[in-house]
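S.K.: So you can see what is in the structure, the chains are spelled out below.
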Amino acid sequence: MKSALTIFFLASAILQGYGQSEPQERRYEEAYNELKSMLKGAVPPSFKRAVFISENAYMGGTLDYDDYNRKIDFLVQVSRSTLNDGVLDYSESDFEEVEKQFAVFRVLKYPTPYVEKGENNSFNIYSTRPFTYDFEDAFGESDWTKMFVTKLLATHTGNCHSLPFLYKILAEELGTAAHLAMAPNHTYIKQWTEQTGWFNTELTSGQFPIDSWMMASGYIKLEAIQNRLYMDTLSTKQSIAVTLTDLVQGYQKKFGTNDDFALKSLNLVLDYYPQYANALLLKAELMKSRYEDLMKDRGAKAPADLWHDPQARKHFREMQDQYVHIYKLGYRQMPREMYLNWLMDLEERDTEEKRERYTFEAPQPFEEYGQKVKVSTLSKGKYQEFFDTDTVTQIGSVVLNRISGQISHFVKYDTMHSEATLEPDVISRWLSPDPLAEEFYSWSPYNFVKNNPLRFIDPDGRYPIDIITRSYAPFKTFGPPFAKYYGDNRGHSLDKNASYRTSATINYDTETFKSSAIGGLSYSRAVEAEKGSYSNTYVKNRSDGSNLDVHSYGNNADLTGSWDIDQFTKLSVTTNGDIKGDHILNITGTISGDDFPNQESFVTDADGNTLWLGNFATSVGPAKGPTWNLARKNEGDVHINVNININVNADGVFQSIQRGDKTISIEDWNKQFEQK
Amino acid sequence: MATHLGFYMQTQGYDPDDNSAKNLAIYNFFTDTLKVKHKDREQPVTTYPMFYDFEDFWGREDRSKMFVTKLIREGTGQCHSLPLFYLILAEEMNAVAHLAFAPNHSYIKIRDKRGDWHNIELTTHSLTSDQYIMQTGFVTSSAIASKIYMNPLTKKEVVAQCVNDLMMNYIRKFGNEDFILEGTNLAIKHNQNNLTAHLINHHYYQELLQHILKQYQDKGLTDKALLQDEKAQYVYRQMMGSRALIDNLGYADMPADLYENWLRSVEDEGQKQEHRNKMRTLMGQIGN
Chain D
1 MKSALTIFFL ASAILQGYGQ SEPQERRYEE AYNELKSMLK GAVPPSFKRA
51 VFISENAYMG GTLDYDDYNR KIDFLVQVSR STLNDGVLDY SESDFEEVEK
101 QFAVFRVLKY PTPYVEKGEN NSFNIYSTRP FTYDFEDAFG ESDWTKMFVT
151 KLLATHTGNC HSLPFLYKIL AEELGTAAHL AMAPNHTYIK QWTEQTGWFN
201 TELTSGQFPI DSWMMASGYI KLEAIQNRLY MDTLSTKQSI AVTLTDLVQG
251 YQKKFGTNDD FALKSLNLVL DYYPQYANAL LLKAELMKSR YEDLMKDRGA
301 KAPADLWHDP QARKHFREMQ DQYVHIYKLG YRQMPREMYL NWLMDLEERD
351 TEEKRERYTF EAPQPFEEYG QKVKVSTLSK GKYQEFFDTD TVTQIGSVVL
401 NRISGQISHF VKYDTMHSEA TLEPDVISRW LSPDPLAEEF YSWSPYNFVK
451 NNPLRFIDPD GRYPIDIITR SYAPFKTFGP PFAKYYGDNR GHSLDKNASY
501 RTSATINYDT ETFKSSAIGG LSYSRAVEAE KGSYSNTYVK NRSDGSNLDV
551 HSYGNNADLT GSWDIDQFTK LSVTTNGDIK GDHILNITGT ISGDDFPNQE
601 SFVTDADGNT LWLGNFATSV GPAKGPTWNL ARKNEGDVHI NVNININVNA
651 DGVFQSIQRG DKTISIEDWN KQFEQK
Chain W
677 MATHLGFYMQ TQGYDPDDNS AKNLAIYNFF TDTLKVKHKD REQPVTTYPM
727 FYDFEDFWGR EDRSKMFVTK LIREGTGQCH SLPLFYLILA EEMNAVAHLA
777 FAPNHSYIKI RDKRGDWHNI ELTTHSLTSD QYIMQTGFVT SSAIASKIYM
827 NPLTKKEVVA QCVNDLMMNY IRKFGNEDFI LEGTNLAIKH NQNNLTAHLI
877 NHHYYQELLQ HILKQYQDKG LTDKALLQDE KAQYVYRQMM GSRALIDNLG
927 YADMPADLYE NWLRSVEDEG QKQEHRNKMR TLMGQIGN
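Just so you know, the protein sequences line up as chains D and W, in that order.
Taking this note's numbering, the leading residue of the first sequence gets 1, the next gets one more, and so forth.
Taking this note's numbering, the leading residue of the second sequence gets 677, the next gets one more, and so forth.
Calculated directly from the structure, the hints in this document are not laboratory data.
Even glycine gets a Cβ: it sits at the ideal position worked out from N, Cα and C.
Heads up, a few of these hints could be off.
Below are the DSS-like pairs computed for lysine-lysine, each with C-alpha atoms no more than 25 angstroms apart in a straight line [what the hints assert, rightly or not]:
| no. | chain 1 | residue 1 | chain 2 | residue 2 |
| --- | --- | --- | --- | --- |
| 1 | W | Lys890 | W | Lys849 |
| 2 | D | Lys476 | D | Lys109 |
| 3 | W | Lys831 | W | Lys785 |
| 4 | W | Lys890 | W | Lys907 |
| 5 | D | Lys328 | D | Lys314 |
| 6 | D | Lys117 | D | Lys71 |
| 7 | D | Lys514 | D | Lys580 |
| 8 | D | Lys514 | D | Lys476 |
| 9 | D | Lys328 | W | Lys789 |
| 10 | D | Lys570 | D | Lys514 |
| 11 | D | Lys531 | D | Lys624 |
| 12 | W | Lys823 | D | Lys237 |
| 13 | W | Lys713 | D | Lys372 |
| 14 | D | Lys374 | W | Lys785 |
| 15 | D | Lys48 | D | Lys301 |
| 16 | D | Lys301 | D | Lys314 |
| 17 | D | Lys372 | W | Lys711 |
| 18 | W | Lys785 | D | Lys380 |
| 19 | D | Lys296 | D | Lys264 |
| 20 | D | Lys328 | W | Lys823 |
| 21 | W | Lys865 | W | Lys785 |
| 22 | D | Lys254 | D | Lys48 |
| 23 | D | Lys328 | W | Lys785 |
| 24 | W | Lys711 | D | Lys374 |
| 25 | W | Lys832 | W | Lys785 |
| 26 | D | Lys372 | W | Lys785 |
| 27 | D | Lys254 | D | Lys264 |
| 28 | D | Lys514 | D | Lys496 |
| 29 | W | Lys789 | D | Lys372 |
| 30 | D | Lys328 | W | Lys831 |
| 31 | D | Lys374 | W | Lys789 |
Derived contacts from chain D toward chain W, CB cut-off under 7 angstroms, selection only [claimed, not checked]:
| no. | residue |
| --- | --- |
| 32 | Gly197 |
| 33 | Trp198 |
| 34 | Glu202 |
| 35 | Asp211 |
| 36 | Ala216 |
| 37 | Gln226 |
| 38 | Arg228 |
| 39 | Met231 |
| 40 | Asp232 |
Let the hints inform the model, and build the full structure from the sequences given.
M.R.: This is the structure in structure tokens:
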């Protein structure tokens, strides 16, 4: 099934004369020239531009560069707005760099709030939509646009090609470095911090796998790492060479493999990135395809039938050298059995049934003398950890004899070895938490974020709750005449997207007793002014297990020296009864703080059900309030007492409120607070 | 020992010119009890497997714990002396074997007839996969690419490493003196990416800088004077330069909790080993 986007692409392409072959090829020539001038240094290299050039050539020049830039700029703005929000607890001297890296990660993987101007000077707060993995045709076999960043920007779904590309683009726009790194059929991000050194960001799963996991699960041979075939950080020019390879692949999908343009482009790629596995293989396959054409022309059955012709023999040797070169760099194709083990892992996650795995045996170097020795492996037979168990090995569509260093025979490209044609599930070996988790040390470069701002969606049935404490100005405008600002112009509200002055979201996991707090972002604009400013809510999470204690505060960033609005959420959260069945969630404590402006607090479950904890309406008028009630040190003026028993089902979904013997529906409960 | 292994190979019927056979003989010498009839002796000669010595395995209290001579004398050593002794035996028998490093560790790499590599882990008497080494040692891909770890060393590079050992022994005896720079620079000359030499250099300059700063403090000299002190500036630059070099080589400290886990597992093994040693003594007493 083609995605709606593709249909859109095609429709717009047809309108603009897509399908006329000559301008198409000229467009490719132009794209090649622009990328070439970047590689040669004639124009400053830009990865962002290079990606666009490559994709636009495939789309027949129908993509809009301004639109592409606008979408990227927007994400950069939102990323930038999260800087200095105080959630990153990191003390090394490269704090600014790490915060930028983190900002990009957040905006790609998690909903991030931002403000947009509405009608009549109103301001709305929205959240970004996270970018997720598109399982369908993850290698662009039937639809090459699946690989595109422009597709990712339009649909918010992408793959292990487009996601790290966008990450790199955003990081560079934000002024920090992010390197692409290659693994077999896979691209990921490498970055450096003073605290952790190099670390890997896996955007498909949002995890940070360590190198030994990449090596073992990716079937990467030691020599391939030594020769920088895989797992190395790519330079800017190497990254541009990757986009040129993408250009070639798109071209080949349109015009066929065997073409001078493809060969010329691949040679240029290899000038700048000589150990790029993908380009090396494409070139070898192209050479082989030419040799096969020659065989067909002359009616030869086997490759050796043409060797009497010195010209053909030379061609064969050059092609063979190319394949041997790839072999010597350490490239090996993953054995089919290893894929099958992966498949079974994934299947078994949903069923009780256990199936027999293929167990890999380690080679015995002293076998000829009849002695077996103990071999320690990492996966204990689950992965193939040895690469050469046979005298022959397949590289692309040829079989090499490892001993003679010569091509043994040609094969049809064995799709069983390629991830491209396997079930989409298989691709998720990069997505899934590693099945060998217990063998691997796991860590995150952002583990040091004590107030973990990422609200994890819990895969194993735990139920996290969100407690949101906000302050808002109920007035249309407020403040003294010389500093009159637009207010939120609303009453108490359970709407997560309602506008506010300060907001803290406390995410608490009732099973692990872990909490995290994240501060919001509000927009303040003076009535007299053209433009306003964004104000952060800062949070200090002093919680201890189930005793939540969060101080949230922030001032009007548009008004230098303005007073903080302070709020203190101090709640104890406990469960009563078996958490796997119907049980009670008890929340007790206080929400206190400044008595200006209004305050409100509510709790939500994973299904989005929302319950009032309490609210407070200020008695101070809009003009006097901020200068009088905020300037005084009276932060304990408000006391909202909370004591609530919530009936919760096995899935962690709120059912009703328990008051003694009485059960109150969620709707009725919430009504009480709105009447207040 | 090499003669002993020559006789051993004869009795086993191993091909005396085969590299794999020679390595197998050495491997068995390290991991097994060999009772071999020598041509010129009436009684067969028995050798016992070499075990890991868990006591002071860093050689912190007694530097000679790291020595091959100690290993030969006592039959126990660690990941420094065991592979070196292996190399010595290989050299005596004209066998080809290589030394390779992992963080705080060294092991043996050999090649089979097809040219494929195998890792020999003498401390645990087994072979290991590369993935296993990478995971247990927390080896990064950049360290592999710069070849500071898991790379088979040439003989010259091994000698360069012996120079490092000499320097470290020297430091233990006499402290960080200028002389050690001669040694490390010689080692670096023969192996650009010699991590140990760069680390020794870094520590040397670090200590020197601390010494200078202490003198400034003791003599009440001002920061301004320090800024004008070209020699101090030079020492600082050298210290930072060696640090940058080490970073670029992909050297990374193991995360602290991973390291602790590892230490704990070593301790457990140590207890098992102690038990084995006791058993052996007891068996000796009952005349087995």
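S.K.: Failing hints, ascending?
M.R.: 2, 8, 15 and 34
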